[in-house]
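Line by line, the protein sequences give chains A and B.
Residues in the first sequence are numbered from 1273 upward in steps of one, following this note's numbering.
Residues in the second sequence are numbered from 47 upward in steps of one, following this note's numbering.
FYI, nobody ran anything at the bench for these hints, they're computed from the structure.
From a predicted model like this one, the values you see are computed outputs, not experimental measurements.
Even glycine gets a Cβ: it sits at the ideal position worked out from N, Cα and C.
Hints are not guaranteed to be accurate.
What the hints assert, rightly or not - The list that follows gives simulated cross-link-like pairs (lysine-lysine, DSS-like), each with its CA atoms no further than 27 Å apart:
1. A:K1458 to B:K59
2. A:K1333 to A:K1360
3. B:K98 to B:K59
4. B:K98 to A:K1458
Said to hold, decoys possible - The following residues of chain A were derived to be distant from chain B, with all beta-carbon distances above 10 Å:
5. G1314
6. Q1324
7. L1331
8. K1333
9. D1336
10. L1343
11. N1353
12. G1381
13. G1411
14. P1414
15. L1416
16. H1450
17. T1461
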Amino acid sequence: MTTVSPGQVVPAPAWQEELPSLERIFTEYAPRIYRLVRLLLGSDADAEDVTQQVFLQVLRKLPDFRGESTLPTWLNRIAVNTALTFRKQRGTRQKRLSAEPLDEFAADGIHAAVVPRVPGPLPEALAHEMHQLIEAAIGRLPDLYRDVFVLVDVEEHSNQEVADMLRLSVAAVKSRLHRARLLMRKALTPYFEETAA
Amino acid sequence: MITCRTVVARLWKLVGEAEPASDRRSLERHLEACPSCRAYLDGYRLTIHVCKRLHCPPLPDRLAWRLRELLEEERGSKKGESD
Chain A
1273 MTTVSPGQVV
1283 PAPAWQEELP
1293 SLERIFTEYA
1303 PRIYRLVRLL
1313 LGSDADAEDV
1323 TQQVFLQVLR
1333 KLPDFRGEST
1343 LPTWLNRIAV
1353 NTALTFRKQR
1363 GTRQKRLSAE
1373 PLDEFAADGI
1383 HAAVVPRVPG
1393 PLPEALAHEM
1403 HQLIEAAIGR
1413 LPDLYRDVFV
1423 LVDVEEHSNQ
1433 EVADMLRLSV
1443 AAVKSRLHRA
1453 RLLMRKALTP
1463 YFEETAA
Chain B
47 MITCRTVVAR
57 LWKLVGEAEP
67 ASDRRSLERH
77 LEACPSCRAY
87 LDGYRLTIHV
97 CKRLHCPPLP
107 DRLAWRLREL
117 LEEERGSKKG
127 ESD
C-alpha cells in the first residue's frame, strides 16, 4: 500500500486525467445516448425525457466514475438502466413482430419457400428509407430481443458487456440476439430484394 | 445430414464472436450443398451489416436546449460552491 506524506500532491489516476470535459461528454455523447434510448423505447418524446434523465444521472454519478469500463460503456449502462426502468413504469406494449422467427420451414425442416438472393454490398451511405425501415423493424421487435439487438448490433457492445448490462447470461444474450437477427432479416429482406432488382 | 431449419437455428455460430470450429463444420458442409441456406446466411449477414451503419440522428432542438440548460445549471452550482 502506498503511503502519502502530509502535503504531498497525489496525481489523479490516468483514467481521470483522460476524462473529457463535461461539455464534451454532453456534445459528443448526447446524440448517441438519444439514439440508444429512442431505439429502446420507440418514442421520440419518451426518448427526449429519458435522455435528459440520463444526463442528470451522469452529472450526479460522474465523480464516482472509476474507469472500470470505458466512458461510452459506462454512459450506455446508465442509459439502459434508465430506459428500462422508464419502460417498466410505463408498462405499455406496442404491436410487435412475430416472436417465432423459425416458422418458415416445412415439416421436413427444408425451407418452405425459395430464399431470395440478396444483393452484394449496399452503398456506403444507406438511403434514408433504409434507416427508417431499420428503425421501424427494431421498434416492432419484442422487448426481450430488441434490447440485446440494439446493444450488440447497433451500439456494437460485446456479448459479455450486454450480459452485464442486462444481468443476463452470455448464452441468453446469444440466443436472444440470434432470434432478433432472424426477425430483422425477415423484416428487411423485401427491401434487400428491391435493391437487388 | 442436418436440416435447413437446424442450420438457420444455429447461424449465429457463423457470425460475430468466434465459436469453436467444430461447431461450425456441420453447418458449413450443409451450406456448401444448399443454395437456399447460403442465401439465407447472406441476408442474415447483410442485416447485421446495415444495422451497424444505422445513423445517429441529430438531437431535437428542444432536447439540445434542455441539456444545455442542465449543463449551465451544473456550472452555476459548481461556481456557487467555489465562491
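Hint check results:
1. A:K1458 to B:K59: 19 Å, holds
2. A:K1333 to A:K1360: Distance ~22 Å between A:K1333 and A:K1360 Cα, so the pair holds.
3. B:K98 to B:K59: Holds, at about 19 Å.
4. B:K98 to A:K1458: 17 Å, holds
5. G1314: The claim holds: A:G1314 sits with its nearest Cβ about 14 Å from chain B, beyond 10 Å.
6. Q1324: Violated, since 5 Å does not exceed 10 Å.
7. L1331: 5 Å, violated
8. K1333: 13 Å, holds
9. D1336: Its Cβ never comes within 10 Å of chain B, the nearest being 16 Å, so this holds.
10. L1343: 17 Å, holds
11. N1353: The claim stands: A:N1353 keeps its Cβ more than 10 Å from every Cβ of chain B (closest is about 19 Å).
12. G1381: At about 3 Å from chain B, A:G1381 fails to clear the 10 Å cut-off, so the statement is violated.
13. G1411: For A:G1411, whose nearest Cβ neighbour in chain B is about 12 Å away, the distance exceeds 10 Å, so it holds.
14. P1414: 17 Å, holds
15. L1416: Holds, because the least Cβ-Cβ distance between A:L1416 and chain B comes to about 16 Å, which exceeds 10 Å.
16. H1450: Non-interface label fails for A:H1450: nearest chain B Cβ at 4 Å, not farther than 10 Å.
17. T1461: Check fails; 6 Å does not lie beyond 10 Å.
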